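**Student:** Respectively, the protein sequence lines represent chains A and B. Residues 10 to 213, numbered by my numbering, are exactly what the first sequence covers, in order. Residues 65 to 626, numbered by my numbering, are exactly what the second sequence covers, in order.
Derived from the structure by calculation, the hints contain no laboratory data. Remember, it's a predicted structure, so these values are computed and weren't measured experimentally. Where a beta carbon is used, it is the ideal one built from N, C-alpha and C, also for glycine. Incorrect hints may have been included.
[As the list claims (entries may be wrong)] Pulled a few chain B residues facing chain A out of the computed Cβ check, cut under 10 Å: (1) L75; (2) Q76; (3) L81; (4) R132; (5) I262.
[Stated by the list, open to error] Once the Cα atoms are required to be at most 27 Å apart in a straight line, the calculated DSSO-like pairs of lysine-lysine come out as: (6) K111/B with K89/B; (7) K89/B with K192/A; (8) K162/A with K83/A; (9) K162/A with K111/B; (10) K111/B with K192/A; (11) K192/A with K313/B; (12) K158/A with K192/A; (13) K158/A with K111/B; (14) K95/B with K111/B; (15) K162/A with K192/A.
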Amino acid sequence: MTPEAMADHVEEQTATHPAIDPGDDLLITRFQAGDEDAFRRLLERYAERIRNLVFGIFHDTDLIDDITQDVFIKAYRALPGFRFDASFYTWLYRITINHCRDIMRRQKRRNMLSLQTLLENRDPEVTAKTAVQPQDGDTQEWVQRGLQKLPEKYRIPVILKDLEGCSYEEMADIMQCELGTVKSRLSRGRSMLRSWLAPILEGY
Amino acid sequence: MAYRNSRHISLQLSLYLDGRLDDEKRREIEKLIEDDEGIRREFIQLKAMQSLLASREPLLEDPFLAERVMNRIRDRAEDEDRAFAVPRRFVPVSATFIAVLLIAAALFAWLQREQIFDYVENTGTQMQQAYEETILKGWIMPLFERTDRDQVLHFAMFGTLPLDTQDGTVLRVDESADSGYRVELSNAPELLRPRTSISELYEEIQPSSVQRRVFDSLFLYAQRQIESSVLMNEEKEIAIDPAISKYHKVILSGIASTLDSGQLVRFEQFLAQRNTPYTFVSTVSHRLPSRRDKGQASDVIAHFRTVRMPEEYIVLTRDSIAQARLRLDMDSLRRLMHIVENHMPRFEVRINEIAERYTQMQPPAAPPAPPRVRVIPEDGADGRSFRIFIQTDEKLAREMEQEMKQVMREVAILRREQSKLHHREDRYPRPENPPHISSHRKDIQVFVAPDSGIQITVNIDSIMEQSFHSLDELQLFRDSLSPAVPGSDLRFEWRQIVPDARLQQIDSLLRGSDRNRQQLNRQLQELREEIMEHYRHQNNPAKPAKPDPAAPPVDRDTVFEI
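Construct the entire structure; sequences and hints are all you get.
**Tutor:** Put into structure tokens, the structure is as follows:
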């Protein structure tokens, strides 16, 4: 069935059963047949999930908006070539993860200089005094900080599994690596995060 | 080997947690968990950690995201055209030119820094007060926090933000596509313009309810942009986002784009009557969409929302100027404000409890005059306040002192809670004596005088001030949007009237000979020394104890001023 014929079929179905929310594949087919509004529906369906995924990775509200927009623009450009080998959301997550990795690499290369860094560097005694302990009420903040401490290759599997609820197979697909690698990285990431959260988890 | 075993067990525990072990391995690990306390604890902690991660609250929904993405996609071709407007062979030249402009702007800001620091040193704004009173030690905070809507309109029209209303000092930004940007501090007479209000604008253009909602959103977003564009830390160092020089035009453009042709004419008159330095010319005025055009509002807001959050700032310190990349979480700063405000009422309650208790402790046969406790409400210039006089004997004074120690402990708890967010308290020593606490809004001051007098000052209006919530307004605006968004054909040309002489002056110094450069360096060195000398002098003030002249002449009394 050609994309145009598929789109007609979808149109008929939707007209007959307006309450049915078309699935991702049908929307993609519509989009590939030239229906821009289908992409908008995909966008509305997944925008918040992608925003939260990006927030989990960067924990930076200033970055979320730009990164999320960039992800969907990349998806828009690549969607005509989508071959239905994987589910749309796995594919979209893969784009997101790859884009976030690119940004992290750029950030590493860039000389990040903040005002606070300047101040701290000017006062060497400060460094020794910055060891902090979590207090009541900021557990979530502490968890987020712990996630940010993890190296990228461990942070992403922890986020995909424990925040996004992906399966191991989906994670392997998104991260484009073997299942065994997913398992070991996830385990390692969890162990590292557990060490960071030790002051909070002591009571358990 | 133990390390390998430990890793292996961690891996097995992780897989067990996710239900990924076969029956045999599952039984093995379950036995290990049962038999080995260390492994059991690790498993329990892994489960707890997983729960913590799963309980993360999602971000607040962004109702405009889809709209912005679709707009960016639509504008993609146009953006790409613009990206290659400069032939590739000129890219290095352009980059150099931009760098020179940036340096020019930075140097200009450097030359203006003395005025900025003087302002920060000498004026009594809320932010300045908060820093002086230590509660915000170690934090970067916005200098223009909660700019009101009238100020935003004024900023849109004249590019100025008020720093000191008494002497008319303003922060002025300006931008020209040809010559870069500039940020300056000035109280030049031509900048002292009468304040313009939103109500005057509305009276002139008579906006519809939908247009008003669009303006609400524009002003809301402008307030946020301004808030994050000029920052100050407790060492009086300033970070300015150079992009602030564009925002005022964006706001004005947003207003203009929302108007129909008749309103547009009135708006132009409104600007002309107030002698604004800007005007605009619509190139397609005969095709201006009507106010019923469904795509218009969302086009405007989409354009406005594409203004990026600032990243690169020009940072002015006491002894240097630099372009720096700051990654600030404005939401965290706002949360911090919220926490401070939410904790303040606890002190009010506590203080009221103390006062009430002493009221109840009055013996029935207390002498009728003067009363032991007198409560006098006052409406002062700084807001609503209460003054309470408590006259008591020596025993009660001692008890009261204990109560005050309890209050002070609560103050200490508050400070710890504040410092938790940024974990920076250790960097800054606490003030020793007298203990002196203040919120960033107005003040809560607890002062224990050497002669056992106790004074508490609380500004109730500032405590009760509510923090800013934007979601409802955003939601309201979203409701007014239509689903279909046709492309807008509005184009505006800006005609800048203000001459750019000062920037040219700096530019000529930069482009001048080595002799000019040496002269510039000498000037900078002299200014730096002056600043350092001024700073040293400011850091060693002699502050004599200041008795309260309004205190009633009572013997061995304890005075509360609330």
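**Student:** Tell me the numbers of any earlier hints that the structure contravenes, in ascending order.
**Tutor:** Violated hints (numbers, rising): 5, 11; every other hint is consistent with the structure.
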